[in-house]
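**Student:** Let the hints inform the model, and build the full structure from the sequences given.
These are the residues of each chain, in order.
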Amino acid sequence: MPEPILTIKNLTKKYGENVIFQHLDLTVNEGDTIVIIGPSGTGKSTLLRCINLLTRPDEGQIWLDDMEITAKDCDEDQVRQHIGMVFQNFLLFNHLTALGNVKLGLSKVKKMSDEAATEKAMHELARVGLADRADHYPGQLSGGQQQRVGIARALAMDPRIMLFDEPTSALDPELIGEVLEVMRQLALDGMTMLVVTHEMGFAREVADRIVFMEKGYIVEEGSPDEMFNHPKFPRTREFLWKITELYGKKETDTN
Amino acid sequence: MDFGQFISYIASGTVYTVGVTLIALPSGLLIGTILALLYVYGGKAAARVMNLYSTVFRGIPPLVLLFILFFAVTRGINLSAFWAGSLSLGIVSSAYQMEIVRGALLSVSGDQLMAARAIGMSRLQSIRYVVLPQAVRLAIPPWSNEAAIVIKDSSLVYALGVPEILRRAQLIGASSQRYLLAYLSAAVIYFLLVFGTTRLLAVLEKKLTIPSNP
Ligand SMILES: Nc1ncnc2c1ncn2[C@@H]1O[C@H](COP(=O)(O)OP(=O)(O)OP(=O)(O)O)[C@@H](O)[C@H]1O
Ligand SMILES: [Mg+2]
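Respectively, the protein sequence lines represent chains B and H. 1 is the number of the first residue of the first sequence in the working numbering; add one for each residue after it. 1001 is the number of the first residue of the second sequence in the working numbering; add one for each residue after it.
Accuracy of the hints is not assured; some may be wrong.
[Unchecked claim] Pair by pair, the computed Cβ-Cβ distance ranges are:
no.	chain 1	residue 1	chain 2	residue 2	range
1	B	S113	H	A1202	36 to 42 Å
2	H	A1046	B	K242	26 to 32 Å
3	H	L1124	B	Y15	23 to 29 Å
4	B	D75	H	P1211	32 to 38 Å
[As the list claims (entries may be wrong)] Interface residues of chain B toward chain H, partial, derived using beta-carbon atoms under 8 Å:
no.	residue
5	M67
6	Q81
7	M85
8	Q88
9	N94
10	M112
11	R133
12	Y137
13	Q140
14	G143
15	A154
[As the list claims (entries may be wrong)] Dumping the calculated DSS-like pairs for lysine-lysine here, alpha-carbon to alpha-carbon at most 30 Å:
no.	chain 1	residue 1	chain 2	residue 2
16	B	K232	B	K242
17	B	K108	B	K120
18	H	K1206	B	K108
19	H	K1044	B	K72
20	B	K242	B	K14
21	B	K14	B	K72
22	B	K14	H	K1044
23	B	K111	B	K72
24	B	K232	B	K14
25	B	K72	B	K120
26	H	K1207	B	K108
27	B	K72	B	K9
FYI, nobody ran anything at the bench for these hints, they're computed from the structure. Just so it is clear, CB atoms sit at the ideal spot from N, CA and C, and this is done for glycine as well.
**Tutor:** Structure, rendered in C-alpha cells:
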C-alpha cells in the first residue's frame, strides 16, 4: 500500500466573489508523478500556490505526510522547506550566481556551514547537469539552464514533494527537452512530483496519473492509458486531442 | 587681499558644506529606507501614513521647512545651527529617499519575494537577502541624483548663519565688493563637489552591475 505524501480534502479557493475551485480532493502517493492539465484560468497555478501556502485556501485541508499544513498553528516557513516549487518564469535570484541561488536556502534556512552548503549545492547543480555553470549569473544562462538551476534550488532543500508550474512554457522549443529530461530523471529517482504542464509526451511517458481540471473542478483523473485511450468524458478526449495538436508537434520536432 | 586668500576663504567653507551633506544624506537614507520598508511591507495603514509624510515634506520648499524645523527643534533642545540645519535637510531628503527606495523595492517585484518564500525563507530573510540587494542596485542612479540635490541644498543652511561656502562668498563679496567673483568661486566649488560625487557613484553602480549576456 503506497503512502500518501500529499492529501487535499475539500479545498476551496475564492478571490473575492470569484470562486477559483471548490471542494477539490486530490491525493499524491510517495514516488508518484501526477500531471495536471486543463485550460487557462482553471486554477492550476492557484492550486499549487495553495499547496505550498503562498496563498491561503478559504476552506478545506491539506496534509503533508500526516501533518495538517492548513492548520492555524502550522509554521508556514517550516512547511515550505519540504515542498519544492518550480516556476514558469524560473524566478531565479538575479543578483546571485547559479551556485548562490542553490546555496541561499541551505545557508539561511538550513543554517548549513558555507563549506557544507557549497558542497551540497554543487551536488544539486551536477544533478541537473550544470556544475560547469556554477559561477554564472542568471542573465548569463539560457532559459533552459535557468530553469534547471531553479530545479536544483528547489531540490537542494530535500523536499518531500516537488511542484512544477508549467516549467517549460516560457522556453523556446529547442530548450524544452533538456528541462523535461531532468524532470524525467527525477521521476525515475523516485521523487514525488505534481506537474502542471502541456507537454503531453512527458505526461504519457512519465506520469503515473493525469488529472484533468476544468473551471475549478477535477473532471477526470486516471493513468495515461486511461486518459488518452479510454477517457470517460468527451470533454477529456476533446481537450487532450486539442492540446496534443497544439503542443505535440513542437515536441516531436525537437526530440 | 590677494586672490589666493580670497579663494581660500570661500573654499574653507567646504568643510561645512561637506559636513552638512555627510549628516543630511545618510540620516535621510536611514529614515527613508526604514519608511520605505514600512510603506511597502507594513500594510495599508502604514502605507497611508508614509504617503502623507512623503506628500507633506515634498510639497514645501526646503528653505521654509528648514526654518520651521530649526525653530521647532531649537525651542526644545539646545542644538547648534549646524546640526539643526543638517538634520532638517536630512528629514527633507528622507521623503525623497523614501520614494527612491520604495520604487526600487517595488520594481524588484513580488515574484522574487515569492520565490524566496518558496524555499522556506521567512519574510524578513527574503527581504534582507533577496529583495534589498537587488533594490540597492536599482536605487543607485536616482540616489546619485538625490545626493547632488542634497549637496546643493546644503547651501540653504547659510540662512541659519552656518559659515559654509555660500555664506562665506556672501561675506567676502560684501567686504571686497567683488560679488561676481565670489559667487563664481562658490559655483565652481559646488560644481566640483557634485561632479565628483556623481562620478564616484557611477563607478560604484558599474562595479555592482550584475553580469549578463548582451
Ligand atoms: N491574486 C489573484 N487575485 C484575483 N484573482 C486571481 C489571482 N490569481 C489568480 N486569479 C484568478 O484565478 C483564476 C485562476 O488562475 P490560475 O492562474 O490559477 O489559472 P491557471 O489554471 O494556472 O491558468 P494558466 O494556464 O493560464 O496558468 C483566473 O481567473 C485568475 O484571473
Ligand atoms: Mg498557471
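**Student:** To test your reading of the hints: which numbers does this structure violate?
**Tutor:** 2, 5, 8, 10, 11, 14, 25
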